[in-house]
Amino acid sequence: MTTPSRFWRVWQPTVDSPWNLRRVVHLRRRAGFAATRREIDRDLNDGPQAAVNRVLAGSARLDGVHDDFEQISKVIGDAAVASENPHRLKAWWLFRMLAGPDPLAERLALLWHNHFATSNLKVESAAAMARQNEIFRAHGRGLYGDLLRRVVHDPSLLLFLDAPANRKEHPNENLARELMELFTLGVGNFGETDVKEAARALTGWTVAPNGQFREAADRHDDGEKTILGRKGAWRGDDLVELLLAQSATAQRLAKRLCEMFLGEEFDFKSSAGRTALDELAGGLRARDLDMGWAVETILRSELFFSDANLGRRIAGPVEFVVGAARALELCDPPPSTVVLAEWAARLGQDLFYPPSVFGWPGGRSWISPRSMIGRANFAAALVAGELGGAGAALDALALLERHGRARNLDEAVLFSCELLLGGPPTESIRAQSAALRESSKRSPGDAARTIVRLVLASPEAQLM
Amino acid sequence: MPTRRDFLKTSSLLALAPSVPAFLAKTARAAAPATDGRVLVVIQLGGGNDGINTVVPCADEGYARARRELRLARETLLKISDSVGWHPAMQGAARLFDSGRLAIVQGVGYPNPSRSHEVSMAVWQTARFDAEEHKSFGWIGRALDAGPRRAAAAPGAMLIGNESPPVALRGRRSAASALSNLDDFMLNDPLPPVGLATESEPADIAAFIRRSALDARTTAERLNELAHRVRTDGQYPPTELARRLSLAARLVKAGFETPIYYVIQPGYDTHAVQLPAHANLLRELSGGLLAFLDDLAISGLAERVAVLVFSEFGRRVEENGSLGTDHGTAAPVFLAGAGVKAGLIGAAPSLVDLVDGDLKMSIDFRRVYASVLEQWLGIPSADILGEKFEPLAAFKK
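Protein sequence lines correspond, in order, to chains S and P.
Here the first sequence stands for residues -14 to 449, numbered as in this note's numbering.
Here the second sequence stands for residues 111 to 507, numbered as in this note's numbering.
Isolated chain S, as found in the complex (with noise of 0.2 Å):
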């Protein structure tokens, strides 16, 4: 983009369009966990393009980050491997969402693990699903086709699409058709026969013994294929080139970015949605497809600091809990990531099962009565130390006491709204902590609590 339109040019804060608490909360919770307070206060001193820049480089948490954080995430990592336990390895990444210091880059890992959906259902491997997982995060910033030739080149989707399984005598269609309908092109934009033919290309493709990739030229159909209009004696790495090569993918990419940081709610089918995609989609394939411009793109622009785009993503169950924990700065002790990671599943996400090769749905479908009773549920079993840990309850009070707001109730209840909901307390929240007020006598730790849980638990705690 040459020069930008109005949606994606970088906002720049007006009188109606301030850089005030509710787009700093908004920045830090749609392209990281959320933000503590003192995080917070440092964004909103410093403007938007610190704050955005520190986002991008890594170096937006004050709080809650380890000195060696590499090597105890390593740590712990190859002892979730090690054993096998697909818990534990939900434990880790958790852990790396919480306590390090790119949460961009985790965001970014959770989205790839959405969009190239493998389950360990049938994978069956806590070291396979671990390399998947480092590909997304070692890669998920740069160019699309250094991300995609790699995750097709692993084991753990090579297995989950019946890659070897694949053979020029009979060949076996599904890795072929999800790698154009999900991974690139898009449905809609290739038919049948070119399913049929991309999997004749595929064929060969397996993981050997040891683990690793291998290309095996005796099941190989080294004829020739038309995919999408093209002849040749296309192998498989020839259609990962295709495929890529095709201004679907790019368009496809560009919607997967947007629904991410623009929420599920935003409408590409209207004539502005589609001509803000159209733009975001040509500057991609002006840049070989490279993400990382893509995400700086939209974390700069008007339409990610726009009205219309605050408060309108539901939070799914990953964000909702750990972005809990991190706003509360539960660091010390820190809860227990085994715990957050069933609770998250409780929620309906979790993490290395995906329900389908299709991902979460997310978006409303994160919403049912039971996740709103499981949230509801979260949130008490947050403030009464049931997450683990040392088992200790949420000290409140000493929270509000360490940013100079524990003075009275209100001045709680509005804490407790700009760090949990990034504005003022809702009607409905002023009407629960009044009721708060009236009932019987509590401590101030144990008011300070209710409080927290009665805000974490309300309906606009559910968006971001």
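Take these hints with a grain of salt, some might be off.
[What the hints assert, rightly or not] Within a straight-line C-alpha distance of at most 35 Å, the following computed DSBU-like cross-link-like pairs (lysine-lysine) qualify:
(1) S:K107 / P:K245
(2) S:K216 / S:K240
(3) S:K181 / S:K254
(4) P:K470 / S:K216
(5) S:K254 / P:K245
(6) P:K189 / S:K254
(7) P:K245 / S:K181
[Stated by the list, open to error] To be clear about the criterion: a stretch of chain S counts as covered by chain P if any three or more of its residues have a C-beta under 8 Å from a C-beta of chain P, and this derived list gives those stretches:
(8) 157 to 169
(9) 291 to 301
(10) 438 to 444
Bear in mind the hints are in silico, worked out from the structure with no lab data behind them.
Predicted model only: the values in this text are computed from it and were never measured.
Cβ coordinates follow ideal geometry from the N, Cα and C atoms, glycine included.
Keeping the supplied structure of chain S fixed, place chain P upon it in accordance with the hints.
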């Protein structure tokens, strides 16, 4: 016809239920229109069930020709008629069929079938072909919107399992819920209730959440209250599908007012080494279905519940080289229950007279839906399905 104001009044009473005297709460529920008591359970076979190896056309010469490794020997099949037999793992289904409680609708599909899981499942769930409509409302959601106003306490549809409620259950007003076990409906130490949901534009996401919070609370209270009235469970095999069906049975037996239950049994996408996996799936399906209907019969509820079993497509006639099958088109749909007119409905598709190697459809799935909607649930189907489809003679009068 209850007005909007009545609805709000009902909501407010139910929201305050813990502090409202019991007789007032009961009155509020009585004010909402009662259901006629009929229940529909939908079992979705996820992945595309190989209908050819489920209701086997053993007399069709095309079968032996197309299925060399995957062929099921005629003598092992459970007889349905002179031309078709059940996969040997379908013993429970055979019992239901023989005792007049199961109908097999043969060759069900739709024109210009899609072989994409997502698209075809969306077509079945929304009864629409336009991709733009595949994420809005489903056939059951629309049915619930069209039906009588429901008591705020009981959701119109419930998914039993871990999955998100599928688009089939999404409606404009009706909120579907999902249940894995009853634990998930225990509110630990409730707070004072949230502010009332007002009738606002569903596009407003904040209002949607507020409404969902209210739905959640009233649902929890209702379930909690009813769970104590549950009688002992019947004999169910130790499988996940059976567990889910037993939970649905418990809710029905306890008088829960939800008319629609949706259960997903995944795993049917048998591209490789189909025989053992498919046998396990069918055994699980068949055993669970029989146990469920027998359980309801013991409780005198057999006449009230019907089951619809479907998959997003069948599989290709010719097996592939991985001892499996790839995505196909038409497949059988099952309707089960005491109220169902048992037998074979429609003609079995020929395995010789094909379209691009796939079965030709005999019956449009929307005719099955029309039967269920009109004859079982008493809801006119034309608007829900987008056009008028002639129902099949699938239910007893």
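Kindly indicate which numbered hints from before are broken by the structure, ordering the numbers from low to high. 6
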